[in-house]
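Sequence lines, in order, name chains Z and G. Just so you know, we're using the numbering used here here: the first sequence kicks off at 1 and counts up by one. Just so you know, we're using the numbering used here here: the second sequence kicks off at 277 and counts up by one.
Since the hints were derived computationally from the structure, they do not count as laboratory data. Don't take every hint at face value.
What the hints assert, rightly or not - No more than 30 angstroms apart at the CA atoms, straight line, and that leaves these computed lysine-lysine pairs for DSS-like:
hint: 1; chain 1: Z; residue 1: Lys71; chain 2: G; residue 2: Lys348
hint: 2; chain 1: G; residue 1: Lys631; chain 2: Z; residue 2: Lys79
hint: 3; chain 1: G; residue 1: Lys375; chain 2: Z; residue 2: Lys55
As the list claims (entries may be wrong) - Pair ranges (Cβ atoms, derived):
hint: 4; chain 1: G; residue 1: Asn535; chain 2: Z; residue 2: Met1; range: 44 to 52 angstroms
hint: 5; chain 1: Z; residue 1: Leu5; chain 2: G; residue 2: Asn535; range: 40 to 48 angstroms
hint: 6; chain 1: Z; residue 1: Lys54; chain 2: G; residue 2: Pro635; range: 19 to 27 angstroms
Note that beta-carbon positions come from the ideal geometry of N, C-alpha and C, so glycine has one too.
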Amino acid sequence: MMNVLNAVLSKIFEIIFIPFQNINPWYGMIVISLLTGILMLYVFKLTSDQEGIKKAKNKIKAHLLEMRLYKNDLITSFKAQGNILVSNFKYMRHSVKPLLVMIIPILLIIIHSNFWFAYDPLDINEKALLKIKLSEEYTPSNFDIKIIGNDFVNIETPPVRIDDEHEIAWRFSALKQGVHEIEIQAGEKSLTKSVSIGQRPLSKISPLKKRKSIMNELLYPVEKPLDKNSPVKSIEISYPTSGLRIFGMNIHWIISFFILSIIFGFSLKGLFGVEI
Amino acid sequence: MKKKYVLFILLPLCLLIIPVSLRAYIGPGAGFAFLSSFLVFFLTFLLAIFSLLSWPFRFFFRLIRGRKSYKKSSVDQVVIVGLDGMEPTLVEKYLEEGKLPNLSKLKTSGTYKRLGTTIPAISPVAWSSFMTGCHPAKHNIFDFLSRNPSTYLPDLSSAQISNPKKFLSLGKYKIPLSKPVIKGLRKSIPFWKTLGQNGIFSTILRIPITFPPEKFYGHLISGMCAPDLKGSQGTFSFYSSEKTDVDEGGMVIPVDVKNGQIETYISGPQNSLHKNEEEIHLPMKILINKSNDSVAIKTSGKTFHLKKNELSDWIKITFKPGLGMKIRAICRFYVSEISPKFKMYMTPLNIDPEKPSLPISHPFIYSVYLAKLLGPYNTLGEADDTWALNEGVIDEDTFLKLCYDNHKESEDMLFNAMKKTRRGVIACWFQVTDSIQHMFFRYLDKKHPALKHARSEKSEKVIEDLYTKMDDLVGRVIEKLNKNSCLIVMSDHGFKQFKRGVNINSWLYKNGFLSLKKGKNTSGEWFKDVDWERTKAYGLGLGGIYINVKGREEKGIVDPGREYTALKSELKTKLESLRDEKENQNAIRTIYDRDKIPSGPYKDNCPDLIVGYHNGYRVSWDSVTGKVDSHTFQDNIKAWSGDHCIDPEIVPGVLFCNRKIGQKKASIVDIAPTVLKLFGIKPPAHMDGTSLL
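Make a model of the complete structure from these sequences and hints.
Set out below in C-alpha cells:
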C-alpha cells in the first residue's frame, strides 16, 4: 500500500514540477505553496466549525473595538482584554480539529517536497561521502563489502570502517552528469544507491536509503527500500544542502514554504469563502 | 466509533513525533491559527501595556474633569427606557389588574404620571422634543414629512441625502469627486450633547431622529428615520407568481416557476456610479423542494435553506455597482406559499451595521462593534414592517415574530450598554410598543371596521402580552441598575382607535378651499390634478394644513396678512364643527393655529394649522399623500387600526421613575432638563421644559 501511495505521490510531484525543472526553484516553490494553500483552505473549510470560528473572531474584534470605545474606563478596558483572551482560546480550540486533520496531507507534502528542495545535486568533480550503516550484529571491520566500479563516480579512498558506529564510509568524486545507480556488494547481497550529478536546478534527490518498514517507506519514498533482512540498515550520500536565494540570503525551503503557503491561504480565503 | 475517534487523534500526533527535521512545521492551517492567535495575544499585550502606561495620565485628566462633571450630580447613572406609544389608560388598567408588577413597584416606590406630548403627537416630533427639551418650532420637526413650497411635494423632514455634486465622467461611469451630502434637519441641541460638554458620558440607542449621527461625548446608534439601503424609510419586496399589487411600503416582483426553479433578483439601490443611475439588481435563484415544503435560495455567492412559514435569519448580501466597490446589506426572507403559487416576502434592505454604507452610529465604529459583539441587527429606523402586514404580504404571527426579534436586538444593545456605561446616561428607544399597537389595536374594540376586513387571527391578548413583556423588560432593567441610578420609563404619546379616516383635501375641495384642474373631480397622489392658482389651502402629512400663501408657496394666492389670518380662522371654525353623519359625532376636537402654540425660529416650517382629531378619527390614508376624491369620511379597514396622530390632549404618554417627582404636570419637554438637573447641570436657556425634580 505504501508503495502505491509513494508511487502516486511521486508521480504527482513530478508532473507538478515538470514545467519548473529548468528554471529558478522559486517558481516550483511558489506553485507547491499555492497548491498547498488551496488544499489546506479546502480541508480547513470542510473540517472546521466555520460558524464557531467566525463568532470567536468577531468577539475578538468586538472586544478590541471595545477597548477603543471605552478607553476612559479602565475596568471596562481590562474586562475587554480578558474577553479577548477568552475568545482567543475559543478560536484556538476551533482550530484544533482541522489542524489534526491537516497534519497528514501536509506531512506527505513536506516529505516529498524535501527531496526536491532540500539538497543540491553533486557538481562534476565534487567530492562526497557514501556511508553505509550495518545492523548491530555485524562488525564493519569483518564485513565483506565493496563498491562495484563504474564510470560516473571515482572512489577516492578505501572504506573507512568505524566499528563503534557500525558504519563504513567511502569518499568519492562525481564524474558524469545524470542520475546513476551505484552498485554495492555487501556479502552475498547486491545493493544499489542512486546518485545525482549535475542535474537541473529543480531535481529530485534522495540522500538516504533505508531498510523496509512502514515508517521508512513513508519518510523516504523516492528509492525502493533495502530488504528487511539486509545486513545494511541504510545507505547515505552526503549531498550539499540546498536553499532558496533571495536578496543575497539563503533561506531554508521550509521557511519559504511556510510563509508562502500562509500568504496564499490568507489571500485566497475570500475567494474560497473560508473563515480562518 | 470511539476507537475511530481515538485513532483519528492519535495518528496525526504520532506523525508529529516522528524524528524528521521538518516536524516543527505543521501546515498552513496551524499557521493560520498560530499567526492569528499570536497577533491577538501580541495586540492584547500591547494594548494592556498602553492602557496601563497611559492610565495615570487619563486618571488625572478624568479626576480633574470628572470632579467638575459629577461634582453636583445626584446620580451616577440615568437609564431611560423609551417605550414608543405606551398608552396610559391601558397601563392604568393593567396596573389595576396586577398584570404589570414591575411598573407597579416603580409607581409605588417612585412616580407614575401621564406625560404631555407635543403638537402634533407624532413620534419624530415628540422624540425630538424629548432630546432637546424644546417645542417643535425650535427643533424644526413637525411630522415625518415636510413640504417643499416650490413644488408642493413632500420631503423627508428629518434628513436630506443627496448625491455628490462633482463627478469625473469615465465611459458609462461617473466617479464622485466629493462626498454625498447627508444633512440632519433636526435643529437645537440634544441633552446628551450638553452632558458631554460637561464631561458626562452617554449611550444613546435608536432614539428617533438621530440620523445622521452627530458628534458628542458618548456612543449613539441611529433610530427612527434612518433609511434603508434604497434610501427609503423601508421598502419590502414581495415575490409572487400570482398577479398582486401593493399600495404602499413595498414592491412586487413577479416571478415564474420553471422546472422547480425561479430566476429573479433582489432590487437594490440606484447605481450612483452609473450615468443613468439604474437600480442595481442582484441575481437570485430559488430552488423549490415541494416534498418538504422548503426552498434553497442562492444569492450573493451563498445558498441558504428556508422552510415554508419560517422567517430566515439575517442574510448578508453584497451589491457591486462597479469599479470594485461593494454595498452591503442585510435582509430576512419569509416564504408564505410554495405551491401551486409561490409567494415570498423580503424585508427592506437594512444597511449592514458591520460594514455600513452610510454613517449610522457615532463613533462610526460603534455600529461595527455592536454587530461583531451581538451579531447582525436591524438598522432601518422603522424596522417593524407594518406596511407588509397592512398590505397582507405577511401574516400576523410573522409580523409579531419580526417585531419581537427586532426588539430583542434593541434589548441586547441596552443591556450591553448598561454593563459598560457605569456612569452617565443610557437611553434606549423601543419601537415594538408602537408597531404592535398600530397593527393590533382593533382587537380592543369589537366595533372596529377593520375587524371585518383585515386579517383577524388574534385577540386583545396581543396587546396585553405586549404590555406584560415590556413590564418584564423593566424588571430586568431594574435588576441591573447601579445603586445610585435613576430609571425613567416613558412613552412619547399614547394610543387610540383609528376607525374613521378624514380626507382633509377632499373636504377642502368640497368646501371651495382647494381647486382641481378643469374637467377633474378627483386628484391622484401628491396633488397631481390640483390647480394651485385657484387653491387656498391643502393638507399634507399626518395632520398639517398649509395655506397657499403668496410669496411663500410657488403659486400662492393668499395674501400673508389679514387674508391669511382670516382664512385660518374660517378653516378652524368650519373644521372644528365637521360632523361625521354616519357616526353622529364631530371628527375634529381642536384645530391648532401655529401662531397660538409655542413659537421658535423654525415656526415658518410648521403647518399653518394642525388638526387635532377626536378619538376614533385620523387623517385618511389618501389625504396623507395628497389625494382628492369625493369622500370626506372613510372607514379604516386596514390592519393599521390604532393611531396617535390626533388631538395631543387625548394621547398623552406615560412616565415612570424610580424617584419621587413633584406634583407638577409633566410634559415630554421636561425630560431633558430633568436629566441635566440630575447631573447638576443648569438647563440651557433655549429649553422650553423645566426639571420635574
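Status of each hint after checking the structure:
1. Z:Lys71 to G:Lys348: Given that 30 angstroms is the threshold and the Cα spacing comes to 24 angstroms, the pair holds.
2. G:Lys631 to Z:Lys79: Roughly 25 angstroms between the alpha carbons, so the hint for lysine 631 (chain G) and lysine 79 (chain Z) holds.
3. G:Lys375 to Z:Lys55: violated, 39 angstroms
4. G:Asn535 to Z:Met1: 44 to 52 angstroms: This hint holds: roughly 46 angstroms between Cβ atoms.
5. Z:Leu5 to G:Asn535: 40 to 48 angstroms: holds, 44 angstroms
6. Z:Lys54 to G:Pro635: 19 to 27 angstroms: holds, 25 angstroms
When held up to the earlier numbered hints, the structure conflicts with hint 3 and nothing else.
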